[in-house]
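Peer 1: Whenever a hint applies, use it, and build me the whole structure from the sequences.
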Amino acid sequence: MHTHLQHTLCRYALCLLACRKKAFVYSGLQQMKGGVRVKYRTKAVVMDRDAIERALTRIAHEVLEANKGAANIALVGIVTRGVDVAARLAQRIKEIEGTDVPVGSLDISFYRDDVGERLNPEVHRTDIPFVVEGQDIVLCDDVLYTGRTIRAAMDAIMDYGRPATVQLAVLVDRGHRELPIRADYVGKNVPTSGRERVKVLLDEYDGASEAQILEAVEEDE
Amino acid sequence: MTVLSCKNIISMEDLTPDDIVAILDTAESFKEVNERRIKKLPTLRGRTIINLFLEPSTRTRTSFEIAAKRLSADAINMAGSASATVKGESLRDTAKTLSAMACDLIVVRHKYAGAPQVLAESMDACVVNGGDGMHQHPTQALLDLFTMRRHVGDLAGKTVGIVGDIAHSRVAGSLVPALRMVGAHPIVIGPPTLMPARPDVLGADVAYTLDEVIEELDIVYTLRIQMERAEGMPFPSLREYARFYGMNEARLNRMKPEGIVMHPGPMNRGVEVSSAVADSERSVVLDQVNAGVAVRMAIMYLLLGGEAHGDAA
Chain A
1 MHTHLQHTLC
11 RYALCLLACR
21 KKAFVYSGLQ
31 QMKGGVRVKY
41 RTKAVVMDRD
51 AIERALTRIA
61 HEVLEANKGA
71 ANIALVGIVT
81 RGVDVAARLA
91 QRIKEIEGTD
101 VPVGSLDISF
111 YRDDVGERLN
121 PEVHRTDIPF
131 VVEGQDIVLC
141 DDVLYTGRTI
151 RAAMDAIMDY
161 GRPATVQLAV
171 LVDRGHRELP
181 IRADYVGKNV
191 PTSGRERVKV
201 LLDEYDGASE
211 AQILEAVEED
221 E
Chain B
1 MTVLSCKNII
11 SMEDLTPDDI
21 VAILDTAESF
31 KEVNERRIKK
41 LPTLRGRTII
51 NLFLEPSTRT
61 RTSFEIAAKR
71 LSADAINMAG
81 SASATVKGES
91 LRDTAKTLSA
101 MACDLIVVRH
111 KYAGAPQVLA
121 ESMDACVVNG
131 GDGMHQHPTQ
141 ALLDLFTMRR
151 HVGDLAGKTV
161 GIVGDIAHSR
171 VAGSLVPALR
181 MVGAHPIVIG
191 PPTLMPARPD
201 VLGADVAYTL
211 DEVIEELDIV
221 YTLRIQMERA
231 EGMPFPSLRE
241 YARFYGMNEA
251 RLNRMKPEGI
261 VMHPGPMNRG
271 VEVSSAVADS
281 ERSVVLDQVN
291 AGVAVRMAIM
301 YLLLGGEAHG
311 DAA
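Listed in order, the protein sequences are those of chains A and B.
The letter at position 139 of the first sequence is residue 139 when you use my numbering, and the numbering goes up by one with no holes.
The letter at position 53 of the second sequence is residue 53 when you use my numbering, and the numbering goes up by one with no holes.
Incorrect hints may have been included.
[As the list claims (entries may be wrong)] No more than 20 Å apart at the CA atoms, straight line, and that leaves these computed lysine to aspartate or glutamate pairs for EDC-like:
1. B:K69 with A:D155
2. B:K31 with A:D159
3. A:K188 with A:E53
[Stated by the list, open to error] So the derived list for chain B, only partly shown, Cβ under 10 Å to chain A, looks like this:
4. T26
5. K31
6. L41
7. P42
[As the list claims (entries may be wrong)] The following residues of chain B were derived to be distant from chain A, with all beta-carbon distances above 12 Å:
8. F30
9. M134
10. P199
11. L202
12. R243
13. K256
14. N290
15. A298
16. L302
17. G305
For the record, the hints were derived by calculation from the structure and aren't laboratory data.
Source: prediction; values computed, not measured.
Positions of the beta carbon are idealized from the N, C-alpha and C atoms, including for glycine.
Peer 2: Right, here's the structure in full:
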C-alpha cells in the first residue's frame, strides 16, 4: 500500500512537472482567425517518438497485408509532413518486403476549395515520378481532420491518371470530418475539440518527433 | 493580407522583391502542371478574366488566355477592333462596363502608356498590364527573370546586357527595374539614336557598342527592332545594325562561358540575332515562351487567391 501510494504520488508529481513545463512553452504557432491572432500552446503529447515509429511499422504491415504485397503500391505524401510519412513508410516496406515502392509528393494548394478566401503563400513542387494508371495509391498525411485536404488530394492524383485504388494512411485522426472520407490506416485516433489543433513534429522538419494537441490560449486584436 | 503586396500589376514598381520571389516560386509549380498530360487545374473556377487587347498581339494574348483556361477561369478575349472603343467609348466607361459584368481580373494591352493605370483607378477588379505603349510590360520581365533563374541560377551579381531600342521598348522598361530588384546588374546597349534622352535615370549602366561589354555579360537580351515603325529607321541600315548590335556566333563565344541569349519575340533573324545563334543551345527563346504561361498562371493565382494563411489545417 505504502509503496503503491509512493508510486502514484511520484507519477503525479512527474506529471505535474511535465505539465508545468509544457504549460509555459508556447508552441510558437499562431493563426489568424477573422482578423484575430490566436496563440496556441501545447496541451498534451499524444504520441512520442516511439509511438510514432511503432504506428508507422504497423501501418506498413497493414498496407502490405491489404494490398497482398508491395508489387502494385505507390506512396504519395501530401506536402509538407505527409511527404516524410510516405518516405518513412517506404523505408519500412523495404525493410519488410525488400521492395522499393515508388514515392511521390503532392502539393494540393491549387486544388483547395477555399482558393479566393485564403491562400497558401508557399507552394511546393508536386513530384509524381511514376505512372499512376492502375497503381494502388496510398495517400499519406500527418493529420486527418475535415477531410478537405484529402478531397483535394484525390482530385489532384486523378489528374495524373486513373489509379486502381486510392487509400489513405494518416498518423493521427482527430475527427471532425466535413466530408464523407475515412482513413484506411490510422496511427492513432485522437478525440479533439474544434478549438484545439493537432501538430505532428517530424525530425525532418522539426528536429523532434511527436504528435501534440495544442489549445488556443488567448485571442487579441 | 494577400500574398502579394499589391492588387494590380501595372509596373515593376508595384512589386516588392518578396513579391517577385513569390511569383517565380509559384510559377515553378505551374511549370510542372504544364508538363502533365492533363494540363488543367480547378483552382480559379468560377472566376472571370478578361483579356482586353486594344493593340495587336498574338503571343501575349494567347499566353494569358492559356494561363487563365488552365486554371479553369473563364477567359474572355476582347480585341481592339471588336470592342466599343472603336465606337468612341472612353477607357473609363469601358472600365465601368467591365466592372458591372463582375469580372475578377483584367489584362490590358494598350498603345498608350498609363492606360492600365486609368483602368485600375476606375474598377475593383485586379488589373494586369499586358504592355502599355512605351512604358512597361511587367509580365514579360517576370517570365524573363523566371527563365534567367532557371538557366543561370541566382541572379544576384549577374550582368545582363539589354541590346537594342532602349528608348521605345516597354520590355526594357520593365526588365531594367526587375533586374535591379533581384540584385542583377543591367547594362543597356544601343546606338545613341535608340537611347532615351537621359539613359542615366534608367538605373542601368549604358554602353554604345555591344563589343565593349560583351565579355562581361552572363546574359544577352536582344530587343526587337520594330521595322513597322512609321518614322523610319533610326540607323543607316539593318545590315549595319546587325554588324554592331546583332548577336552572332563570334560574340556568343566572347560572352561568359555559360551565358545565354534571350529575345522577347518575334525575332528578326539576321538583325538582332543571327540564325545560328537563335537555333543554338544557348538561345532560350522558346523557354521564355514556355515560362510565360506558368508565370501568368502564378500571377493570376496569387492576385485572385485571397488572404495568405500561415499553417494549412
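Peer 1: Please go over all the hints and tell whether each is borne out by the structure.
Peer 2: For each hint, the structure was consulted:
In summary, the hint linking K69 (chain B) to D155 (chain A) is supported, as the alpha carbons are separated by about 18 Å, within the 20 Å threshold. Using a Cα cut-off of 20 Å, the hinted pair K31 (chain B) and D159 (chain A) holds, with the two alpha carbons roughly 15 Å apart. Taking the CA atoms of K188 (chain A) and E53 (chain A), the gap is near 12 Å; set against the 20 Å cutoff, the hint holds. At a threshold of 10 Å, the smallest CB-CB gap from T26 (chain B) to chain A is about 5 Å, leaving the interface hint in force.
The beta carbon of K31 (chain B) comes within 9 Å of a beta carbon in chain A, closer than 10 Å, and the hint placing it at the interface holds. Interface hint at L41 (chain B): satisfied, since its Cβ lies 5 Å from the closest Cβ of chain A, which is below the 10 Å cut-off. Interface hint status for P42 (chain B): upheld, as the beta-carbon distance to the closest one in chain A is roughly 6 Å, under 10 Å. Non-interface call for F30 (chain B) relative to chain A: violated, since the shortest CB-CB distance, roughly 8 Å, does not exceed 12 Å.
The Cβ of M134 (chain B) lies farther than 12 Å from every Cβ of chain A, with a closest approach of about 34 Å, so its non-interface assignment holds. Every CB of chain A lies more than 12 Å from the CB of P199 (chain B), the least distance being 37 Å, so the non-interface label holds. Listed as a non-interface residue, L202 (chain B) keeps its Cβ farther than 12 Å from every Cβ of chain A; the least gap is roughly 32 Å. Here R243 (chain B) stays apart from chain A, with its beta-carbon at least about 44 Å from theirs, past the 12 Å limit.
Every CB of chain A lies more than 12 Å from the CB of K256 (chain B), the least distance being 28 Å, so the non-interface label holds. Once the 12 Å rule is applied to beta carbons, N290 (chain B) is consistent with being away from chain A; the minimum gap is 16 Å. Interface exclusion of A298 (chain B) from chain A breaks down, the closest Cβ pair being 9 Å apart, not more than 12 Å. The non-interface label for L302 (chain B) is inconsistent with chain A: the shortest C-beta to C-beta separation is roughly 7 Å, within 12 Å.
Annotated as non-interface, G305 (chain B) brings its C-beta within 12 Å of a C-beta of chain A; the closest such distance is 4 Å.
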